[in-house]
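Asker: Here is what each chain is made of, one letter per residue.
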Amino acid sequence: MRLVSDEEHSAARAFLVSGMVWMAIGTTFGLIGGIALAAPDAIRNVPWLVFGRVRPVHVNLVAVGFVPMVLIGAGLYLVPTLLRTRLYGERLAHVGIWLYNAALAIGAIELARGHTQAREYAELTWIPDVLIVGAFVALIISFGGTLARRQEPLLYVSVWYFGAALAVTAALYPLGNAMWNPSTGAVTGVLDAILLWFYGHNVVGLLLTPLALCAAYYLVPAITRAPLYSHTLSMIGFWSLLGFYTHIGGHHLLQAPIPVWLKVISVIDSVMMMIPVLVVLVNLWLTARGRFGDLFASVPGKFVLLGTINYLIVGVQGPLQSLPAVQRVTHFTQWTIAHAHLAVLGFTGMIALGALYYALPRVTGKLVWSERLANTQFWFVFLSVTAFMLVLTGAGLAQGHAWINGETVYRTVPMLSPYMMVRALFGVMLVLAAYLGLYNVLMTIYRGKPVAVEAAEGSVRKPATA
Amino acid sequence: MRMTPALVLVGSVVIFTASVFAVIVVPWQTMAHQPSAAWRELSADELAGRKLYIANGCTYCHSQFVRTQDWDLGMERISQPGDYLGLSPHLLGTTRTGPDLAQQGGEHPDDWHVAHLVSPRFTRPQSLMPRFEFLGQENIRLLIAYLQGMGGRDADQRVQRQQEWKARAVAAYNAGADENVKWLHDNVPEGWRPLPTPYPATEPSLQRGAKVYQDFCIGCHGPVGDGQGPAAPYLNPPPLNFTTLRRNLVDGKYIGGILYYQIMNGITGTAMPYFKHELESAKIWDVSNFIAANFIGFDDSNTEPAGIDASYEPLRTQKPASGRWRDHGKGDAP
Ligand code: HEM
Ligand code: HEM
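For the protein sequence lines, the chains are F and G, in the order given. At position 224 of the first sequence (counting the first as 1) the number is 224 in our numbering, and the numbers step up by one without a gap. At position 244 of the second sequence (counting the first as 1) the number is 244 in our numbering, and the numbers step up by one without a gap.
Simulated from the structure, these hints should not be mistaken for laboratory data. Hints may be right or wrong, so weigh each one.
Chain G side only, calculated, beta carbon under 8 Å to chain F, not exhaustive [as the list claims (entries may be wrong)]:
id, residue
1, Leu9
2, Val13
3, Ala55
4, Pro81
5, Tyr84
6, Asn265
7, Ile296
8, Phe298
With beta-carbon atoms standing in for the labels, derived distance ranges [unchecked claim]:
id, chain 1, residue 1, chain 2, residue 2, range
9, F, Asp41, G, Ala22, 46 to 52 Å
10, F, Ser417, G, Asp186, 39 to 45 Å
11, F, Asn45, G, Leu47, 23 to 29 Å
12, G, Val13, F, Trp261, 37 to 43 Å
13, F, Leu397, G, Ala22, 30 to 36 Å
14, G, Glu203, F, Leu312, 51 to 57 Å
15, G, Gln29, F, Tyr446, 54 to 60 Å
16, F, Thr408, G, Glu203, 25 to 31 Å
17, F, Trp261, G, Ala310, 36 to 42 Å
18, F, Tyr446, G, Ser43, 56 to 62 Å
19, F, Ser417, G, Thr17, 45 to 51 Å
Result set (SDA-like, lysine to any residue): computed pairs, CA atoms no more than 25 Å apart in a straight line [stated by the list, open to error]:
id, chain 1, residue 1, chain 2, residue 2
20, G, Lys166, G, Asp156
21, G, Lys51, F, Trp180
22, G, Lys211, F, Pro182
23, G, Lys276, F, Tyr410
24, G, Lys276, F, Arg289
25, G, Lys276, F, Trp180
26, F, Lys263, G, Lys276
27, G, Lys211, F, Val326
28, G, Lys211, F, Tyr410
29, G, Lys211, F, Asn405
30, G, Lys51, F, Pro182
Where a beta carbon is used, it is the ideal one built from N, C-alpha and C, also for glycine.
Produce the entire structure from the sequences given, and follow the hints as far as they go.
Answerer: Below is the structure:
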């Protein structure tokens, strides 16, 4: 294997494998954090395993590593296929993957050593930041070149989302990480909080969400062999996502001392976020109407179907928890952690895994090593993310209501313990799922049976109106 | 509408730029970047401590702002934008697995923090917070400097109060055990001292008290009330040894009111925290009964002077022949 291969699909493959490796490592750190909250003295006085350091390692490896990398990997296969050409600059995309992996490896070690910018989702320090921006620039060039030499004049929705995600992130990342201040990676005072949450919410809204929708818009029609329901809805969904998501970061700071007008804007447009969510889901589900069975019958389809269902829950929960009356109870509690797992894992993560199992045979030319293992992974992920959601939401409501009743935080600490135990238990299941997935991917690459993909499954049917 | 690459790119960039302008540039230009009355510059030690706070992810469990609704519930001062002037990065926080720290300065004396950071369960038996012993003495000192500065000028006043009383408490402790207790009790307001515990030290009351003791007090005062809990080596003055209190009774009585007052109010300058926010009065009386009956070996509960009998407790006249309220309801078997 060469470091910077020019073989077709080799970059996509590298992204998929890397993403799965980070999922395994990242969830392991999540579990260490989960154990710390259930049994704080289980691991003691190991500096790099202390909760406050493990947590950012976990969050960055899963939310900046696993999910976007797997989705980019899938995109590097889907987008050229949709454009009926080869990926431009396969080598360049490989440079991208090396930069990305180096950023995460250096970043994780730095975080474990306590070198952090301490801003949620922007913890990585300056050097990893530069590497990540480099990776995105490489990917943008590769994507741009692919567009330029496309054989297909019309751009399908997936391509819009993929392009927008890359372009916006390349601008957002340096801005949100205040990269002009290498020593802190931050601006000062309350403005820093405003900048951070502008960034933080756009990482999930303009990187993870569009990448996941890129995959979903491809997989749903492809697996159900049905044309996309509506081009108009696709457009409304796309532009309203960009229009509303970009400026609602203030809903993370509703109770903090920031200007009131910022809060008002963020609440109103958080509620409006129902539009992009529902429009996309209506479009996807009407595409699959009458054929949900087909979706559920295939492993990628299953993941994507559940991913879209979780998107619905997230898209109702999100606007709800943006209302000041609701945040009065839920803010600062485990409720938000439940939302975060349901969104990042249940929605984008599950679609990423669906896209992985769809793209894997196509980029390796091998059948997925074990369908049964993949199916097991699906059920593990589905069960544990559902359990996370229920347990953490319960814990959050208990905390929030107790505080409103005047209980001090210390009095509510013991209350958390049963919830934290159950979460840690399901965390084990989730970690297992991550390793099963990684194993399956590696076995597919090294031991999988060759397959003629086009013959076996046919290519995507072109959406009727695109 | 036909979606061309140019449209997607230009559209995304225009929307993104407009948003940056509206929600970043406009606040930056229009917010008043003025210090609040409590704001002050951080010292070199405090800044070094802040770096440790950042490096060890304290921010993932602790917020640093008091909300309007926290104020409704008894926190002292709602945070203002001017409190955070010049601080980078911000550490407002999004999760309160632990309590808010915006006004932490002066809440506890330094020795409490040392014991707490070495192992939070020493001072707070049910805490979830990780141990930070690995930081080493010097770093713990810097971290505490930062914690004591939280709240700016308001905190400085509280810290000064802690230091003044610390000097007196240490002097009293060094003067000997009985002198120390005399000093402690002299500082309890006159009206509280002759007050007996109004509620009898029945078995249920003692059991409830035991639970409170385990959840809040045991790390300092120890399982047998001798002040030898695991936190003791870090504290000066060390936690009180309750078992000696018997010889400090006045006229062979007076203890309930003193215990109640000390637990409610804490003893500023010593590691003894105030519990008025965490324990309702019934719980304070119960834990007072528990300490009195188990460690001091004397309780004045439900004795004169007393007011109207409580509706649900045994009457004063029903004291068991054994003289111990805990035998109440067990029948007066010989
Ligand atoms: C790929 C799967 C996962 C994803 C995408 C994921 C994502 C996240 C995200 C985004 C956060 C930040 C939450 C916030 O700040 O609101 C988080 C926090 C956390 N996650 Fe995960 N997670 C995953 C798996 C796990 C697993 C297996 C565990 C094991 C128990 C776990 C335990 C935790 C813990 C303990 C926190 C910190 C919560 C707190 O501060 O109270 N996660 N995770
Ligand atoms: C659809 C509209 C959505 C709305 C209106 C929304 C709203 C919110 C709000 C108000 C919070 C802050 C809660 C609090 O701190 O009290 C939050 C947190 C969060 N959301 Fe969403 N959300 C939406 C969708 C999503 C999606 C699609 C994702 C991920 C792909 C996501 C990921 C997160 C994460 C990771 C956090 C935790 C941030 C933290 O660390 O505090 N959300 N969301």
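Asker: Indicate, hint by hint, whether the structure satisfies it.
Answerer: Cross-check of the supplied hints:
At a threshold of 8 Å, the smallest CB-CB gap from leucine 9 of chain G to chain F is about 6 Å, leaving the interface hint in force. Proximity of valine 13 of chain G to chain F holds as hinted, the smallest CB-CB distance being about 7 Å (cut-off 8 Å). At about 3 Å, the closest approach between the beta carbon of alanine 55 of chain G and any beta carbon in chain F falls short of 8 Å, and the interface hint on this residue holds. The criterion of a C-beta within 8 Å of any C-beta in chain F is met by proline 81 of chain G, whose closest approach is roughly 5 Å, and the hint holds.
The closest approach between the C-beta of tyrosine 84 of chain G and any C-beta of chain F is roughly 5 Å, which is under the 8 Å cut-off, so the hint is satisfied. Taking 8 Å as the C-beta cut-off, the interface hint given for asparagine 265 of chain G is violated, the closest approach to chain F being about 16 Å. With a least beta-carbon distance of about 26 Å to chain F, the hint placing isoleucine 296 of chain G at the interface is violated under the 8 Å criterion. Against a cut-off of 8 Å between C-beta atoms, the interface hint on phenylalanine 298 of chain G is violated, since the closest Cβ of chain F lies about 30 Å away.
A hinted range of 46 to 52 Å for the beta carbons of aspartate 41 of chain F and alanine 22 of chain G is consistent with their spacing of about 48 Å. Separation of serine 417 of chain F from aspartate 186 of chain G is about 42 Å and conforms to the stated range, judged on CB atoms against 39 to 45 Å. The hint said 23 to 29 Å for the Cβ distance between asparagine 45 of chain F and leucine 47 of chain G, and at roughly 25 Å that hint holds. Here the CB-CB span from valine 13 of chain G to tryptophan 261 of chain F is close to 25 Å, at odds with the stated 37 to 43 Å.
Our hint of 30 to 36 Å for leucine 397 of chain F and alanine 22 of chain G holds, since their Cβ atoms are close to 34 Å apart. Distance hint check for glutamate 203 of chain G and leucine 312 of chain F: the Cβ-Cβ separation is about 55 Å, which falls inside the suggested range of 51 to 57 Å. A C-beta distance of roughly 57 Å is found between glutamine 29 of chain G and tyrosine 446 of chain F, which places it inside the suggested range of 54 to 60 Å. One distance hint, 25 to 31 Å for the beta-carbon pair threonine 408 of chain F and glutamate 203 of chain G, holds here, with the actual separation near 28 Å.
Checking the proposed 36 to 42 Å range against tryptophan 261 of chain F and alanine 310 of chain G shows it is violated: the Cβ atoms sit about 54 Å from each other. Between tyrosine 446 of chain F and serine 43 of chain G the beta carbons are some 59 Å apart, a value that agrees with the proposed interval 56 to 62 Å. The hinted window of 45 to 51 Å between serine 417 of chain F and threonine 17 of chain G holds, with their beta carbons roughly 48 Å apart. For the proposed pair lysine 166 of chain G and aspartate 156 of chain G, the alpha carbon gap of about 15 Å is at most 25 Å, so the pair holds.
Taken as a hint, the lysine 51 of chain G and tryptophan 180 of chain F pair is honoured in the structure, with Cα atoms around 20 Å apart against an allowance of 25 Å. In summary, the hint linking lysine 211 of chain G to proline 182 of chain F is not supported, as the alpha carbons are separated by about 51 Å, beyond the 25 Å threshold. For a cut-off of 25 Å, the pair hint linking lysine 276 of chain G to tyrosine 410 of chain F stands: about 13 Å separates their Cα positions. Our distance criterion of 25 Å between C-alpha atoms is broken by lysine 276 of chain G and arginine 289 of chain F, whose separation comes to about 61 Å.
A hinted pair counts as satisfied when its Cα atoms are at most 25 Å apart, and lysine 276 of chain G with tryptophan 180 of chain F does not qualify at roughly 48 Å. Distance check on the hinted pair: lysine 263 of chain F and lysine 276 of chain G sit about 35 Å apart at the alpha-carbon level, beyond 25 Å; violated. Restraint check for lysine 211 of chain G and valine 326 of chain F: the C-alpha separation of about 34 Å exceeds 25 Å, so the hint is violated. Under the criterion of a C-alpha separation no larger than 25 Å, the hint pairing lysine 211 of chain G with tyrosine 410 of chain F is consistent with the structure, at around 15 Å.
Distance check on the hinted pair: lysine 211 of chain G and asparagine 405 of chain F sit about 21 Å apart at the alpha-carbon level, within 25 Å; holds. Note on lysine 51 of chain G and proline 182 of chain F: the hinted pairing holds, with a Cα-Cα distance of about 15 Å set against a maximum of 25 Å.
The structure is inconsistent with the numbered hints 6, 7, 8, 12, 17, 22, 24, 25, 26, 27, although it conforms to all the rest.
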